[in-house]
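Participant: Here is how the chains run, residue by residue.
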Amino acid sequence: MHYDTLPHTKKVTIKKDSTFGLFAKAYDAYNVVITVNDNVTFNLYTLITCIDGNSDVKIHINCGSDSNVNVVSRNFAGKNGKISFTSAIEIPEQKKAVDASMDIKNYLLHNTSEISANPDLWIYSKDVSCKHGCTMSTFDSDQLFYMNARGIKNTKEILVAGYIQNILDKFPAPKHLIFKRNINHVQELFSSIQ
Amino acid sequence: MRIWKTTPPDMLRVLDLQCKAENNTIIQNANFIVPKGEVHALLGPNGSGKSTLLNIIMGKEYDMSGRIFFNDKDITDMPVYERAKQGMFMSFQVPVEIAGVSNMALIKEAKKHLNATYSVRDIIDTYNEFSTKFGLGEGWYKRQVNYNASGGEKKKNEIMQMFHLKPHFIMLDEIDSGLDVDALTAIGSALRDYMTADRSALVISHNFKLYDFIKPTKVHVIKDGILKTHDKSILKKIKSQGYNAL
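So the protein sequences, as listed, match chains A and B. Taking this note's numbering, the leading residue of the first sequence gets 2, the next gets one more, and so forth. Taking this note's numbering, the leading residue of the second sequence gets 450, the next gets one more, and so forth.
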């Protein structure tokens with residue numbers, strides 16, 4: 002498996018099994034069309050942490066036959082943060098045996114936060130397995146109660162750090178550590194949690 | 450005016466507790482005491498409100514009235530994390546999974562908030578000691594909290610957290626569910642050793658074998674919203690005849 006960050010270029014072709022990360026913050030904009038070749042596994046983990054500004058991310062993935070495509074997105078909008086996120090998976094008619102999934106979770110950390118999330122599945126082929134989920138929420142009250150019951154007060158910070166860590170853990174060291182630098186503003190994000 | 454006098458002193462005192470959900474009364478005017486150094490069982494048919502009662506004592510928000518005292522302090526309006534700081538601990542019936550947060554991170558944060566002194570070495574050693582004892586092997590402290598864990602593993606993790614945080618008052622909500630026979634013995638023995646004269650427990654379990662280890666002195670039974678306190682001899686009756694005999 003090849004690990005890397007998603008480039009800022011407009012078009013990317015995935016020729017071999019790859020796991021890519023996209024780490025965006027305020028004032029970052031991505032508009033990327035990704036073509037996944039036949040018989041390739043492609044995992045994309047996106048992490049948008051936006052405080053006081055706009056982030057605009059558009060991803061369009063064209064799947065090849067027998068490809069396995071997984072998109073996992075965790076988006077956090079802090080105080081005055083506005084995120085616009087569009088993720089589309091397209092399976093053309095002639096492409097067969099595609100297994101694709103999209104899992105998007107958006108977290109509004111402040112009452113001034115805004116997130117517009119648009120998960121798209123364009124399926125023209127019949128021979129596919131495709132699933133998607135998109136949630137817009139604050140926090141899981143059961144998780145908050147559980148951590149409170151252990152005496153922890155700043156539960157939301159720990160949960161956000163955990164969600165971020167969970168994405169970083171998908172990448173082996175030293176990539177993991179390099180990516181961590183992309184989110185060195187996370188303390189600022191914590192302070193905007195309401 | 451109700452006057453409560455017990456020896457030894459009360460650890461937990463619940464006064465006229467009433468709880469409603471969606472206009473249905475789940476618990477009506479519950480009154481009971483758990484004195485210091487005693488283990489009490491909390492029983493009742495499925496859906497009778499046992500877990501709800503533990504959640505209320507731990508501080509989860511419900512449409513409720515009444516007062517709860519812990520070590521003679523009124524904690525009714527106290528936030529959940531403050532109650533934990535006072536020495537309360539609850540083992541959940543269905544422990545939640547927290548992706549991205551390791552057991553080590555959770556315990557470190559909890560100890561920081563509880564103002565407990567700790568060292569990373571101690572946390573690792575304690576985790577390794579108990580995870581080995583409970584058949585989980587070493588390295589459990591690195592695992593994410595309950596993430597992708599089986600039901601039994603989650604219950605063992607709850608007990609391991611308890612040993613780290615050393616609370617004075619523990620509430621166990623079906624700690625036995627999902628445990629195999631050997632694991633139940635290991636956890637039952639560990640709980641028996643944990644219970645000292647300055648610690649109390651309120652335990653929900655439908656598995657009467659657990660009570661052989663922790664020996665409850667009183668049994669509180671909730672049925673049709675009413676809580677009644679019985680002597681420990683009621684356990685035999687419930688075991689043989691069920692709740693309909695009460």
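The hints are simulated quantities; they were obtained by calculation from the structure and are not laboratory data. Treat the hints with care, as some may be off.
Stated by the list, open to error - Chain B side only, calculated, beta carbon under 7 Å to chain A, not exhaustive: (1) M513; (2) K522; (3) M527; (4) V529; (5) K534; (6) Q535; (7) M539; (8) A548; (9) A559; (10) Y567; (11) V569; (12) I663.
Unchecked claim - Restricting the straight-line Cα-Cα distance to at most 30 Å, the calculated cross-link-like pairs of lysine-lysine (DSSO-like) are: (13) A:K171 / B:K615; (14) B:K658 / A:K157; (15) A:K157 / B:K485.
As the list claims (entries may be wrong) - Ranges between beta-carbon positions, derived for each pair: (16) A:W123 / B:G584: 24 to 32 Å; (17) A:D104 / B:G584: 29 to 37 Å; (18) B:N472 / A:S117: 34 to 42 Å; (19) A:D100 / B:G515: 39 to 47 Å; (20) B:K688 / A:S117: 33 to 41 Å; (21) A:K132 / B:G584: 50 to 58 Å.
Small disclaimer: the values here were computed from a predicted structure and weren't measured. Ideal placement from N, C-alpha and C gives every residue a C-beta, glycine not left out.
Participant: If a hint holds in the structure, say so; if it does not, say that too.
Facilitator: The hints, checked one at a time:
Given the 7 Å rule on beta carbons, the hint for B:M513 is violated: about 15 Å separates it from the nearest Cβ of chain A. Below 7 Å, beta-carbon pairs count as interface contacts, and B:K522 has none with chain A, the closest being about 16 Å; its hint is therefore violated. Evaluation of the B:M527 hint against chain A yields a violated restraint, the C-beta minimum of about 11 Å exceeding 7 Å. The criterion of a C-beta within 7 Å of any C-beta in chain A is met by B:V529, whose closest approach is roughly 4 Å, and the hint holds.
The criterion of a C-beta within 7 Å of any C-beta in chain A is met by B:K534, whose closest approach is roughly 5 Å, and the hint holds. For the restraint placing B:Q535 at the interface with chain A, the shortest Cβ-Cβ distance is roughly 9 Å, beyond the 7 Å limit, so the hint is violated. Contact between B:M539 and chain A, as hinted, is supported at the beta carbon level, the nearest pair being about 5 Å apart and thus within 7 Å. Evaluation of the B:A548 hint against chain A yields a held restraint, the C-beta minimum of about 5 Å falling below 7 Å.
Given hint, B:A559 at the interface with chain A, holds; its Cβ is 4 Å from that chain's nearest Cβ, closer than 7 Å. Hint status for B:Y567: violated, given a least beta-carbon distance of 13 Å to chain A, over 7 Å. The restraint placing B:V569 at the interface with chain A is violated, with a minimum CB-CB distance near 17 Å, outside the 7 Å limit. A cut of 7 Å between beta carbons decides the hint on B:I663: the least distance to chain A is about 21 Å, and the hint is violated.
With a C-alpha separation of about 34 Å, the suggested pair A:K171 and B:K615 falls outside the 30 Å cut-off, and the hint is violated. Restraint check for B:K658 and A:K157: the C-alpha separation of about 39 Å exceeds 30 Å, so the hint is violated. The straight-line distance between the Cα atoms of A:K157 and B:K485 is roughly 34 Å, outside the 30 Å bound, and the hint therefore fails. Between A:W123 and B:G584 the CB atoms are about 49 Å apart, so this pair departs from the stated range of 24 to 32 Å.
Here the CB-CB span from A:D104 to B:G584 is close to 33 Å, well matched to the stated 29 to 37 Å. The hinted range of 34 to 42 Å is satisfied by B:N472 and A:S117, whose Cβ atoms lie roughly 38 Å apart. Look at A:D100 against B:G515: about 54 Å separates their beta carbons, and that is not inside 39 to 47 Å. Range check, B:K688 to A:S117: about 58 Å between beta-carbon atoms, so the 33 to 41 Å window is missed.
Between A:K132 and B:G584 the beta carbon distance is about 35 Å. The supplied range of 50 to 58 Å is therefore violated.
Going through the hint list in order, the structure does not satisfy hints 1, 2, 3, 6, 10, 11, 12, 13, 14, 15, 16, 19, 20, 21.
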